[in-house]
Amino acid sequence: MTQKQKRYESLVQVYHTELYRFAYWLCQDPTIAEDLVQETFLRAWRSLDALQDEKAAKSWLLTILRRENARRFERKQFDYADVENDTLVDTKSTALDDEMEQTVVQRQISRLAPEYREPLLLQVVMGCSGDEIADILELNKNTVMTRLYRARNQLKEALTNVNESAKGASN
Amino acid sequence: MDDLEFRRRLFADPSDEQLIDEAEQDPAKKRLLDEAQDFDALLGNALNVPVPDDLQAKLLKNMESESDTQSSENVVQLSWYKRFTVPIASAASVALAVMVYFSTVVPTPLYAGEHALEHVYYEESALKLSKEVTLQVVNEKLAMLGGKLESLPGKVTYATFCNFKGQRSLHLIFQSDHGPMTVFIVPSESNDYRQGDTQFNDDRYSGSINKGANADTILVAKLGAPLDKYQGEVNDSLRWL
Numbered sequence: 016m017t018q019k020q021k022r023y024e025s026l027v028q029v030y031h032t033e034l035y036r037f038a039y040w041l042c043q044d045p046t047i048a049e050d051l052v053q054e055t056f057l058r059a060w061r062s063l064d065a066l067q068d069e070k071a072a073k074s075w076l077l078t079i080l081r082r083e084n085a086r087r088f089e090r091k092q093f094d095y096a097d098v099e100n101d102t103l104v105d106t107k108s109t110a111l112d113d114e115m116e117q118t119v120v121q122r123q124i125s126r127l128a129p130e131y132r133e134p135l136l137l138q139v140v141m142g143c144s145g146d147e148i149a150d151i152l153e154l155n156k157n158t159v160m161t162r163l164y165r166a167r168n169q170l171k172e173a174l175t176n177v178n179e180s181a182k183g184a185s186n
Numbered sequence: 609m610d611d612l613e614f615r616r617r618l619f620a621d622p623s624d625e626q627l628i629d630e631a632e633q634d635p636a637k638k639r640l641l642d643e644a645q646d647f648d649a650l651l652g653n654a655l656n657v658p659v660p661d662d663l664q665a666k667l668l669k670n671m672e673s674e675s676d677t678q679s680s681e682n683v684v685q686l687s688w689y690k691r692f693t694v695p696i697a698s699a700a701s702v703a704l705a706v707m708v709y710f711s712t713v714v715p716t717p718l719y720a721g722e723h724a725l726e727h728v729y730y731e732e733s734a735l736k737l738s739k740e741v742t743l744q745v746v747n748e749k750l751a752m753l754g755g756k757l758e759s760l761p762g763k764v765t766y767a768t769f770c771n772f773k774g775q776r777s778l779h780l781i782f783q784s785d786h787g788p789m790t791v792f793i794v795p796s797e798s799n800d801y802r803q804g805d806t807q808f809n810d811d812r813y814s815g816s817i818n819k820g821a822n823a824d825t826i827l828v829a830k831l832g833a834p835l836d837k838y839q840g841e842v843n844d845s846l847r848w849l
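Sequence order for the protein chains is A and B.
Per the numbering used here, residue 16 is the first one in the first sequence, and the count goes up by one each step.
Per the numbering used here, residue 609 is the first one in the second sequence, and the count goes up by one each step.
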């Protein structure tokens, strides 16, 4: 196996799980997410020589993946209507067991506006620092920190409301 | 850091080291910190969607098939002049060699006899051949020069096209009563080689040139062989179309 192949393999090993989850939350479709990750690693393989510093690998892969995702929108704008998201909460049981709670949290995350969701994904899924997120999203760090704050704040409020309406319904 | 600032920064990054340090001094802040970290754990769990089992294997396989096609693509992607570097260099050196050859050889007097002798020495091993080449085979070759032999005064053991001073010619050897005898049949399309005497010899071989209308017949045999007799026999049996 060549040196290049070894580098590629270790990149796949270290990052494919996180990248898939990031892609999943970016496009909210498991099939597209898988395609995105495959395309990202294919492009990474082709230009692996351009990656000088392994420490920059995560940002580099994320940049490729985000570009691929943007390309997808250039090709065709899939509109995954919020029908599913809007109806699910009301039809489910009001008992918020763990599984149910996770589903509710997931739903609220998917409802976040992309500009709030993406920095949060980078932070929680990818473990990026504020500086790294600013770099990847090409924003200044203050903007990034503000969006992270708002993302959590919105989620917290939304989940509190869900909890309260659930409690209200069970009364 | 006031509570509002603490809260803002906590919601932006619950693992901020500075906040964690500050929370150690303040139970209210510690409570907020714990709450925020629990919330992040909840988010983390929700975000950790299952990853397809075969994804890693697919990614490695993609690379393998890509590196297979890449190597062939690389060849195709080479510029046309790079692809032909070696053949062009070879062709250039051949062309140069040919130019040098003609520029040096052509203006100098062409002594056919010397060349005939050199040629015989160069292919001396051919004189030792004994396997018969049929007249039919000889004539198939000779036909390409436009000639035909009715017969030859001896068993033919060698028949090949060769380059006689730049002229495509037929190189024959037949077994005469005086040992192997070499015949060059050289079409007279070019007169370049036709300089020098019609009789020539060195300490081993002698030769004669018969200048014909269609071709010259050059005979080389061991010293002392009756060349005139054989020249007559060969030229009598030689027909031109």
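Hints in this document: simulated from the structure, not taken from any laboratory.
Treat the hints with care, as some may be off.
[To be verified] Straight-line alpha carbon distances no greater than 25 angstroms define the calculated DSS-like cross-link-like pairs of lysine-lysine that follow:
1) A:Lys73 to B:Lys666
2) A:Lys73 to B:Lys669
3) B:Lys736 to B:Lys669
4) A:Lys156 to A:Lys70
5) A:Lys171 to B:Lys638
6) A:Lys19 to B:Lys669
7) A:Lys21 to B:Lys669
8) A:Lys171 to B:Lys637
9) A:Lys21 to A:Lys70
10) B:Lys736 to A:Lys19
11) B:Lys637 to A:Lys21
These figures come from a predicted structure and were not determined experimentally.
Verification of the supplied hints:
{"no.": "1", "hint": "A:Lys73 to B:Lys666", "verdict": "holds, 20 angstroms"}
{"no.": "2", "hint": "A:Lys73 to B:Lys669", "verdict": "holds, 21 angstroms"}
{"no.": "3", "hint": "B:Lys736 to B:Lys669", "verdict": "violated, 64 angstroms"}
{"no.": "4", "hint": "A:Lys156 to A:Lys70", "verdict": "holds, 20 angstroms"}
{"no.": "5", "hint": "A:Lys171 to B:Lys638", "verdict": "holds, 18 angstroms"}
{"no.": "6", "hint": "A:Lys19 to B:Lys669", "verdict": "holds, 15 angstroms"}
{"no.": "7", "hint": "A:Lys21 to B:Lys669", "verdict": "holds, 13 angstroms"}
{"no.": "8", "hint": "A:Lys171 to B:Lys637", "verdict": "holds, 18 angstroms"}
{"no.": "9", "hint": "A:Lys21 to A:Lys70", "verdict": "holds, 16 angstroms"}
{"no.": "10", "hint": "B:Lys736 to A:Lys19", "verdict": "violated, 61 angstroms"}
{"no.": "11", "hint": "B:Lys637 to A:Lys21", "verdict": "violated, 47 angstroms"}
Checked against the numbered hints above, the structure breaks hints 3, 10, 11 and satisfies the rest.
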